[in-house]
Structure formats: structure tokens, C-alpha cells
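Enquirer: Here is what each chain is made of, one letter per residue.
Number of protein chains: 2
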Amino acid sequence: MNTKNNKAGIEEPIDLKNLDLPADLKKMTYRQCDILCRQIREELIKTVSNNGGHLSSNLGTVELTVAIHRIFDSPEDKIIFDVGHQAYTHKILTGRYKKFSTLRKKGGLSGFCKPCESVHDPVITGHSSTAVSSAFGIASAMKIQGSKNYAVAVVGDGAFTGGISYEGLNNAGKSDVNLIIILNINEMSISKNVGGMAKYLSTLRYNDHYISAKDAVRSTLDKIPVVGKPVKGTLKNTKDALRNIVLRRTIFEDLGFEYVGPVDGHNIKELESGLRAAKSKRRPVVVAVYTVKGKGYAPAEKNPGGYHGISAFEIETGNPDVIVEDSFSNIFGKELVALAKQDKRIYAVTAAMKYGTGLQYFSKELPDRFYDVGIAEEHAVTFCGGLASMGMTPVFAVYSTFLQRCYDQIIHDLSIGEIHTVICVDRAGIVGDDGETHNGIFDVPMLTSVPNVSIYSPSSYGELKLCLNAALYKENRIAVVRYPKGNDTTEVSELRKTTSYIYKNNNSKILLITYGRLYSNLLKAADILADSGVQCDILKLINIFPINARVKKIIKNYDKVFFFEESYYNGSVSQKLAAEFDNVIPLAINKYVKQETVEQAFAELGFTAGQMAETVAGMI
Amino acid sequence: MNTKNNKAGIEEPIDLKNLDLPADLKKMTYRQCDILCRQIREELIKTVSNNGGHLSSNLGTVELTVAIHRIFDSPEDKIIFDVGHQAYTHKILTGRYKKFSTLRKKGGLSGFCKPCESVHDPVITGHSSTAVSSAFGIASAMKIQGSKNYAVAVVGDGAFTGGISYEGLNNAGKSDVNLIIILNINEMSISKNVGGMAKYLSTLRYNDHYISAKDAVRSTLDKIPVVGKPVKGTLKNTKDALRNIVLRRTIFEDLGFEYVGPVDGHNIKELESGLRAAKSKRRPVVVAVYTVKGKGYAPAEKNPGGYHGISAFEIETGNPDVIVEDSFSNIFGKELVALAKQDKRIYAVTAAMKYGTGLQYFSKELPDRFYDVGIAEEHAVTFCGGLASMGMTPVFAVYSTFLQRCYDQIIHDLSIGEIHTVICVDRAGIVGDDGETHNGIFDVPMLTSVPNVSIYSPSSYGELKLCLNAALYKENRIAVVRYPKGNDTTEVSELRKTTSYIYKNNNSKILLITYGRLYSNLLKAADILADSGVQCDILKLINIFPINARVKKIIKNYDKVFFFEESYYNGSVSQKLAAEFDNVIPLAINKYVKQETVEQAFAELGFTAGQMAETVAGMI
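Which chain is which? The protein sequence lines are A and B, in order.
All residue numbers for the first sequence refer to this note's numbering, where the first residue is 1 and numbers rise by one.
All residue numbers for the second sequence refer to this note's numbering, where the first residue is 1 and numbers rise by one.
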């Protein structure tokens, strides 16, 4: 393989802001590439320290991304970054450097990949493990179109715990399209990588002389004389068996792919040589690239999990700008530990989100009953069904947006059999900076369309604890507790010992309903309305579905009922209530909400106190 | 391994109906087992020829199931049959022989596994690829409970194309629980098995002397002298590489499992020895068992696909009792070929349901643009997204109940990016004999909760063609065409050149609405009502969602609007319409519908013409 770089280089000094990218990349010397990579890392650290975002994964893929753009021709070749959160360098290299400071801000660059942002992003990526399938679709289209271009998927080893990655590999391996899967192995998914595949990949890493060893074996095989007495069968059989075994070595080769690796993911020369080898195959290839997450920024290298997805921080120390002591996730995690210490039936399950969901406490204190199943939400639910069939009470904590992965499993493995399982839905509602791929606005439509589901939506830490208790001990089918990202912003402290609803009856003929985080704003809206002479009664749902018979009775007493709901409208609880009661006016979300702060999103959706008051005033 | 059977046997003659099962099984000699297996096969053929059902897969697993029940102790050991449709022998052997003739009939035995039917069915299985996850959950609970029992999953190679199987393997492989995965390899899923994994498994099959060859190699390795000059590195390195390669051979071992196999799945002695070996490991094991689908019934052996899931047939000839020439599936399949011949952008995609969805015509005539992706609905959707990003028009044909697998992919990979993809939803609505795991009553709630989806629900072959055309050429986002299982039962022929709605205005103040297959009954109901003096107008929706502005205008004119809908109620179109209009009375399905004929189900749900008329008469 020719790994020489005969390029003359471009004019110096190298300065990111003066380069014509990606074109100039191909003209650079290796030394110039190294300078560029340093500048990119500085830019990444600076921007993420200001805006928050994904740091470790991006620092780990700087050289890899530079090498990809030197070897392939985007946008004719399609480069797909799985999950998309490690594509910051790709953005910088494809004409988005000048906008990079707007990362994750309203109107700015997305933290993920979006075709609407650049022709260099072939598909949307935000959720894990889709890149193999997307790239295979693209490569299959290229083939029929007679194109000689490549579809290149860059996939982390974490994404390889997700079943859809495997479905894609299984489907693509036998094809003859120009598909290159770059497997970026850093032995981390979001929490520490889990499962048999991760372990397997880590063994490949140390197989340093793999390619040459294989050659050596092949050659030795032809020379093995008859030595000793074969245990069974003839030596020829043994030799054949050996040959078969040796010549089909990695899982990827077993599935029909060519295999190139291992490649040092921080050595551009080696990366280029690996990618050129992959290109030359002109059929599906897996390239195994080993990288270090957080590379080049000491705090992130030391604690890549902590710098996976982060808020703004101070560069010198790595300390976060704002320290959040508590969050719904942490309160849930701690409460679950307390409950599980008293009840051996409780198991905790996460799909690669141990820290995100607050289950780190459980994993530490009750490791025997803690399961991190990998980025495998479907399996997680069915696994819970198995546990529950043995009398256990599994608690699956998952982000709302990722729960979408297991609609069928919730129906097939929990609902039909009326299985008692607790699903704790974190990041329910608007999540802010991550935008439309990550907002949790579909869990209510999804879960309310499934029989045998009871849903709680607490709006404070105190209620969260009550609801978790109810889900564990009052319910005997699917019990869901959903709560928003971040911390408790309730300004009113009025915990009552109920998980049904809180009703404030002032004998008005107008009722305002909501649940969850919107309650604070609704209370203020009621104050504003009261100040302008419009007295309203208030109903806050806690057990939001199925709708309580007493709630229905209350609703009947009113002329007008305004139901504000932080959920997608079609399938929402307010829509369901409106179908039953003529006086209910549902006011939910009717579109994808792009990246912006939660406050900005609320303003856009008409969910500020002032807007709510205005809406009500305008309709009575 | 001790493979001797020293059992004295039980009193003869062996007669299925006199045996105390499963207890007697363990007392039988191998000869007696063979007699039993013959009797079981006769019973299977007789019952399926009468009742319809799954034949090939059950004929293939008779000996395997007998061996499992001789080696394991159900119900203490938990035996989980993936998909459940190959568990007929298991049912016969676990106290359900006397009810076996009721298979798939209303009130009779289910065609799948159900804990409510027997303690020997640990979890519900009906959808593919869940058994590994369920069994791992069960085994994990056993471990904490201090039980020494086993969780045994019986999984076909077809199910191994589904990502959740892999997620389960990946998670379980590193554990230390008593989990045994029996991989039943018959090189068929429902259509011919597809993908790299299937090919890989078929190579294992011919590795007949695998275990001994491995031993031979291990022993030979220790004796290899220095032969010739090693190509690179020292011979020690080569030997180490060889040893690593040889000692970690199958994909399952790579993922952390022990591996036992290959085992002849029709030889009880060999099966027992393999299962005993697996038991002795006391940690996760994969046992590879090779079987012949349709074994013992010539027509099925010859054409296992044709006898996968079948209607009643004549035993002597294997000919079906009723020959259905056309069905919605076939009409769709032929029409798509005609369209695709004119339009090179059209691709057809199926998830292992080539015949079921009518895509066999496409696969034959346009193989380059036909993709059977395996039992991998998630991948199928994301793959379609990739194709569409290149300007292609993918058409994914899938059963309603299996579409549930790809809710997240529809949102993430199609809806957010407003990607034009056509999803043809077969088996929409009640499917009958397969019961609650397979009824297609959630696709409407699921799809209507996703932005950028347009849904068509034709009620005749003619409309199906019009709708397919509209989905391909009038829509530019997600276009869904949904149609029921079986054939066109419309008794009225009144095809109009519209895909919007058909409105029959008789100047009544009562409007009856429906869509799809219920239209025939609704027309009859209107006649009954007219006969009793109640004149009703009729609105049949074709493009059922989003709801047309003109439809809304029509609805406003009526006092009462009765909307009969063959969908689960929560999330239905009628519920959505009722949320907007006070006069709309939604009449949809509010529970899981168990196995029975479609006609029986309609009667249970109040969807016969007489019942509809009665409902309307009772409410005006």
C-alpha cells in the first residue's frame, strides 16, 4: 500500500479560517495536517466550553475525519456519521467553520447531522445505530444509478450494541455495493461500553499484527508436515478446518464483509492507507479504527464519560460553569436505590445511559440487580418482560426519545400479557439544545395508544418520589413515570400526598388543566388572568392516563376547559379528553421543535405564562 | 458424554392420548420416542390440515422438542419458543393434546405461546426474535432467586436476522446465568433466509467434525515444529495467533457464549447429548441444531415456504381447501411491478415476507431493485431513508403488526427530514386466527401520531391501485397505503377516480363514516336503517389522514356523525375527529381481540351490519 504523501503542501501559515475546505485538505502535507488538527481541537474545546455539546467523541475523531475527507470526495461520496454527535470536525471541514460558534444555538448549527444544513450531511443522524442501514440504502441506490462513488458510515463501537446496526450488517454483507463501514473503537459508548461485542472488539485491538499473522499462517499451513498422530480424522481434515478457521476470522468477515484493521485512529498516514485499502475492494468493507475519546484535552481524556455530552465549562480546569446538584434523574436514581434496598424484586435497567438516567447510584450499590444492556432499547423492554415473568419488578429508565425504539416490545412483551413493569421516561418534553431529533414529545401519544398503560407525570421532586412509589406498588400493569430534563423549576411548594391530581376550585366556570413542568407557568397565567378579572379554576393531573373518572366529573362542570400540554398534539391526552368532552380545548405541540433553549421553545409554542393567559383571554 | 439411554421404557403400545405428558417422556426408550414422534407428526398434519396454521416449522422441531422435555424439567426450567409458531409439539407434550383440535379456533388453543394457556409457556411469543431477551431476563431473575434452573430459548435462524436477537446475545454473552440458546437452523425464515448471518450459519453446518477438529488442532499446535521460515515475526507469534484464532471460533464464542454443535436435530440421542453438554456448562451456551423444515410430510419438505403458515388443506395431495386467486397482497404486488417497470426509481423492500406481501412478482421480475432485508423492520425503514436520500422511491411492504417495530425509525429517518417513502401496510385490521399478537389495530394510532404522514385505506382492489399511485406520485413525504388480510369482499362495485373520499348525500342529518373493509357492512347498515325509516348519509374516507378540509366541512352539516373504525380507539382517526367536532361519535376497538375468525371478531366488536344499524338507531 502506498502510504507516501507526495503533496507539496499549501501556503503557510496554516490557519483554519483562511482555508478553502474541504478542497485544501487534499493539498496538505502530513505536517500541515497535524497543525490543522491542533487548530480544530482548539476550536472544538473553545466552542463546546461556551455552548455545551459533545466533546470527548469529537476530540477522538479529528484525525479520522481529516483522513476521510482527504481520501473520499464529499458530497459525491456520502459520509454518514452515526448518531451525528461526533461530526463537529466534519462540520468544520465542510464549510461550516464560520458558523461553528453558533453550535446548538437557536438558528445555529445543529449538534447532529442534517441535510438541510449542508450537502455534506446525506441523512439526519441523531439517534444511534442507523448509519449502516442508511449507508447501505445510499450505496444500493448508487449501484443502480451506475455511480462509482462510495457510501461511508462512521460508527462507534457503542452503536454496535444496537440491533439495527447488526440488521444492517447482516443485510449488506452479502451485497456488492461500494459500502465502507468505519468502526471507530474507543471502548466507550456513553457509559462504559457493554456486552460481548465490545469485549470482542477490544480483543481485535491487541491483535496488532493481524494481517501479517494471517499471511504467515496461510503460508505455514501449506508447509505443515504430518506431525504426531491426528486425534481424529486425517490431517487433511485438520488442515482444511484450520484453513477455514484462519481465513474467515473476524465477525465482519463471517457476515460477508472484507476487513481492514486495526488502524491507529490518530495517525493520518496509517488512516489513509487503511481507507485506501478499503476503497480498493469495491464491495462492503469494515475498517476497524482505534481512537482515544477526549484525545488532546486532559480532563476529557481522563473522564471521557463526563465530557460526553456536557454543558458549558471553564477550559483551564474543565469545571462546569453551572453546577446542578439535583435533577429529576438523580432524585429518581437515589430514590430507586432506597426502595430497592427494601425490596429485592426491584431491578434497574438502562440502555447505555447509566449516568444520564441517574442509575449510577444503583449500579454502585446494588450491582447484582443493575443491568446496562447497551444501546438496545428493544431488548431492554423484552428483558424486563422476562424478569417480570419471574415475579421481579424491573424498572427501565430511558430517555423519551429513545423509548420510541420499543413500541412493539411494549405492546408484545408487556401490554398483551399485562406485565407489571415500571418505565421511567427521562427527558420527557422539550429538551432544548439537541433539537427535533431529541425532544420527548412522542412518548405520550405512543404510550396512550397501548392498552394496559398507566402514566404519571410529576412536576416536582416530591411528586416524582410519590409517583415512583405508586408505579411500583399501586399499579400491576405497565406503569410509566415521565419527567423532564434537568431540575425542578417549580416555584410553588405544595406537595400533597396524592398521585391523582391537584384541583383548585374557586367556583369559576373556566378550568385550566395541565401536567408536569408546565404547571408553574399555568399558575402564573392564572394569576395574570385573575389580575385582569378572569378567575380560573386549576386542575393539575399527576396520573395523566387513563383519565380518572373523578377528573371527568370535574370537567363536566365547566363552560370552557383549556388544556395546555407539553406533548405532540396528535395522540395527546388533551386530544383524547377533547374527543370525550365538547368543552375541552386542547393546546399541545403541533410541529417538530428545533434546537433552542427550553425557554425559547416554550415562547415559540405559546407556553409562557403571559401567552397562556393571552390564549385563554382571547377564547372566552 | 454419556449418550446411552438406559431407560426401561413404558408400557406399550405407545399412544399419545394415553400418555402422562411430559412426565412419561423421561421414561421412554429411544424406540418409543420414535413412535411418539411419528404420532405427533400425524397429529400435526391432521390438525393443521383442518384448522390451518404453521406446519413446516412444527414438523421440523418434533424430535428437538421431545429431547428438550426429556433433558429439562418444565415448568421449573423455562422453555421459550421464539415466535411461538413452532411450539405445537411443545403444546402436545405439555397437557394440551386433548385440546389440540381447537388450535387457532375461537376459545381454543392459540397458535402461539401464552402464559394464560399453560404454565409451560413462560412468556408470550408471537413476534420474532424476542426469545433471547426474554430468556436472559428469566435466567437473570433465577440467579438472584438462587435457583439452579435453566432458561432455554429455542430460536430459528430466521429470527437471528432480527436485531433484538443480537442485542440479547450481546448483553447475555458476558453474564454467568443458566441460559441456553438452541439455535434451530433450517436455512429458512419465512421466505428463504437472507443475509450474512444465514450464510455463516450454513457454513457451520458442514463443519461436521467441528468439535473434534478443534481438539485436533489444539493438540497439533503443541507439536508444530519449526517448519520453513515464518513469513513475519517468530513462529511463536504465529502459533499464538493460530491458537487465538482456533480457540475462539464461532460468532457466539466471540460474543462470550459457549458453543455446542452442530447437532442433528432429528436424532434424539444426539440432541440429548448436545443438550446435556449445554446444561453442564452452567453459563450462557449456544447449541446449534440442524433441522429440516416440513420433515416427514413430503409436500411440506418439498415446499416449506408454501407450508409455513397455511389455510386448511387436503392431506393426501397437500392441496389447499380453498384456492384464493387474488388478495390485496397479490394485487398490490402485481401493480407495483407494472409501475416499477415504468419508473426506475421504485425499489421494493420486505422484511422476510416476500410471499406474504405479494412481492414475489417484483423479486422475480426486477431483482436488482428488490430487497429482502431479513426479519429486520427497523433496518428496512432506515434503509428506505437512505435510498430515498438518493432520489429513489422505496416501497416497504410490511404487516401492520410488524410495522410496530419501526416507530422510531419512521420518526427519525423519514418524518423529521420529510422523506418520500411509501409504506404498504398489509394485514391492517383484524387478522383472525392469529389473535391478539397479530391483529393490525395499532398502525393508525402509531402513524397518525407522527408528523408528515399521509394514510390511504382502500376498500377494494381498484382503490388499492389508485392509492398506490397517489402514494407514489401525489405525495412527497411518508405515504402509507393500508389494506386488510385476504381478499376484496366489497359487494358493491363503484370505483370512482378519487383517493380522497366517497360521499353519499341524501340530505339526512345523520352521517355514517368509515373506511377500508368496514364500508360493505356500513352500506348494509344504512339499508337496514333506511328500511326502518332512518335515512343516513354516508362518507367513506380513502385518504383517511390527515383529515381533509372538505371532509371537515361536510361533517359540520350534521346533527350526529357515527364513525365506525377498525382500529384501536386511543389514537384512532375517529377519536381525532371527535376532538375537533362535537357531533362525531367514535366507534372503534377498545381491547385486544383474541383469535377467532374475522367475522366472529366483527360480531364481537359490533361491526356487523345489523349491529351498526342497531347502534345508530339506539343513539338517535
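Errors might be hidden in some of the hints.
Stated by the list, open to error - Derived DSSO-like pairs: lysine-lysine, alpha-carbon spacing no greater than 30 Å straight-line:
#	chain 1	residue 1	chain 2	residue 2
1	B	Lys143	A	Lys341
2	B	Lys474	A	Lys556
3	A	Lys199	B	Lys279
4	B	Lys474	A	Lys591
5	A	Lys560	B	Lys556
6	B	Lys98	B	Lys269
7	B	Lys552	A	Lys591
8	B	Lys148	A	Lys341
9	B	Lys344	A	Lys279
10	A	Lys148	B	Lys98
11	B	Lys279	A	Lys344
If you are wondering where the hints come from, they were derived from the structure by calculation, not from laboratory data.
Enquirer: All hints, please: hold or fail.
Expert: Taking the hints in turn, this is what the structure says about them:
Distance hint between Lys143 of chain B and Lys341 of chain A is fulfilled; the C-alpha atoms sit about 18 Å from each other, no more than 30 Å. Taking the CA atoms of Lys474 of chain B and Lys556 of chain A, the gap is about 43 Å. The hint is violated against a cut of 30 Å. At most 30 Å may separate the alpha-carbon atoms for a hinted pair to count; Lys199 of chain A and Lys279 of chain B meet this at roughly 24 Å. This hinted pair checks out: Lys474 of chain B and Lys591 of chain A have alpha carbons roughly 22 Å apart, not beyond 30 Å.
The straight-line distance between the Cα atoms of Lys560 of chain A and Lys556 of chain B is roughly 20 Å, inside the 30 Å bound, and the hint therefore holds. For a cut-off of 30 Å, the pair hint linking Lys98 of chain B to Lys269 of chain B stands: about 28 Å separates their Cα positions. For the hint pairing Lys552 of chain B with Lys591 of chain A, the CA-to-CA distance comes to about 21 Å; that is within 30 Å, so the pair holds. Restraint check: the Cα-Cα separation between Lys148 of chain B and Lys341 of chain A comes to about 24 Å, which is no more than 30 Å; the hinted pair holds.
Simply put, Lys344 of chain B and Lys279 of chain A have alpha-carbon atoms about 27 Å apart, close enough for the 30 Å limit, and the pair holds. Simply put, Lys148 of chain A and Lys98 of chain B have alpha-carbon atoms about 63 Å apart, too far for the 30 Å limit, and the pair is violated. The straight-line distance between the Cα atoms of Lys279 of chain B and Lys344 of chain A is roughly 27 Å, inside the 30 Å bound, and the hint therefore holds.
Checked against the numbered hints given earlier, this structure breaks hints 2, 10; the rest are met.
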